[in-house]
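Asker: Sequence:
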Amino acid sequence: MPILSTTAAPGVRRDLRVALRYNEISQILSTTPRQFEPMHRRKANGGVDPRPWCQGFYAAMRLRLLAWAPMLDASNVNHGLLLPILLHCRDDQGRPLLGQPRNGRETRRAYADIPAAVETLRQYWMPIRYAR
Numbered sequence: 000m001p002i003l004s005t006t007a008a009p010g011v012r013r014d015l016r017v018a019l020r021y022n023e024i025s026q027i028l029s030t031t032p033r034q035f036e037p038m039h040r041r042k043a044n045g046g047v048d049p050r051p052w053c054q055g056f057y058a059a060m061r062l063r064l065l066a067w068a069p070m071l072d073a074s075n076v077n078h079g080l081l082l083p084i085l086l087h088c089r090d091d092q093g094r095p096l097l098g099q100p101r102n103g104r105e106t107r108r109a110y111a112d113i114p115a116a117v118e119t120l121r122q123y124w125m126p127i128r129y130a131r
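Residue numbers for the sequence shown, in numbering that gives the first Met the number 0: 0 to 131.
In short, the hints are calculated from the structure, not lab data. A few of these clues could be false.
[To be verified] DEER-style ranges, computed between Cβ atoms:
hint: 1; residue 1: 101; residue 2: 24; range: 27 to 33 Å
hint: 2; residue 1: 74; residue 2: 36; range: 28 to 34 Å
hint: 3; residue 1: 79; residue 2: 10; range: 33 to 39 Å
hint: 4; residue 1: 75; residue 2: 115; range: 17 to 23 Å
hint: 5; residue 1: 16; residue 2: 36; range: 16 to 22 Å
hint: 6; residue 1: 63; residue 2: 26; range: 17 to 23 Å
If you're wondering where the values come from, they're calculated on a predicted model, not measured in any experiment. No residue lacks a Cβ here, since even glycine has one placed at the ideal position from N, Cα and C.
Kindly produce the complete structure, drawing on both the sequences and the hints.
Answerer: Here it is, written out as structure tokens:
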């Protein structure tokens with residue numbers, strides 16, 4: 000029996016694909032974290048467009064916003080871990096989540112820090128996640 004049955008409802012197939020991708024990412028982060036790379040879209044000019052991936056990450060954060068709240072506080076030492084991701088996110092009104100981005104190479108290439116940030120975020124959450 001195939002994993003993604005062609006007779007399953009589209010929503011079920013989508014949810015299963017998401018779960019499988021989540022498990023794949025979890026496996027990579029557990030065994031070879033330096034090999035993790037987000038699946039960013041490409042712009043017409045070939046450049047990286049991290050916005051959809053970052054917006055999806057933020058949407059997942061919002062599912063447990065109270066748990067993430069301390070890291071959203073700019074005075075929290077761990078807040079910086081979210082910056083490469085949140086820099087590319089927009090609020091419900093379509094405004095940049097962190098305000099107008101600054102010009103400069105660091106801002107344009109912030110997406111390059113996302114893999115390291117994700118691994119460090121994973122390390123941050125591990126003791127909390129497995130303490131339950």
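Asker: Can you tell me whether the CB distance of residue 75 to residue 115 sits inside 17 to 23 Å?
Answerer: Holds, at about 18 Å.
Asker: State, for the Cβ atoms of residue 16 and residue 36, whether the hinted interval 16 to 22 Å holds or is violated.
Answerer: Once the Cβ atoms are compared, 18 Å apart, the range 16 to 22 Å for residue 36 and residue 16 holds.
Asker: Range hint 33 to 39 Å: satisfied by the CB atoms of residue 79 and residue 10?
Answerer: holds (37 Å)
Asker: Honestly, do residue 101 and residue 24 meet the 27 to 33 Å range at C-beta?
Answerer: Holds - the Cβ-Cβ distance for residue 101 and residue 24, about 30 Å, lies within 27 to 33 Å.
Asker: Given the hint of 17 to 23 Å, is the C-beta distance from residue 63 to residue 26 inside that range or not?
Answerer: At 22 Å between Cβs, range holds.
Asker: Is it true that the C-beta distance of residue 74 to residue 36 lies inside 28 to 34 Å, as the hint says?
Answerer: holds (31 Å)
Going through the hint list in order, the structure satisfies each hint without exception.
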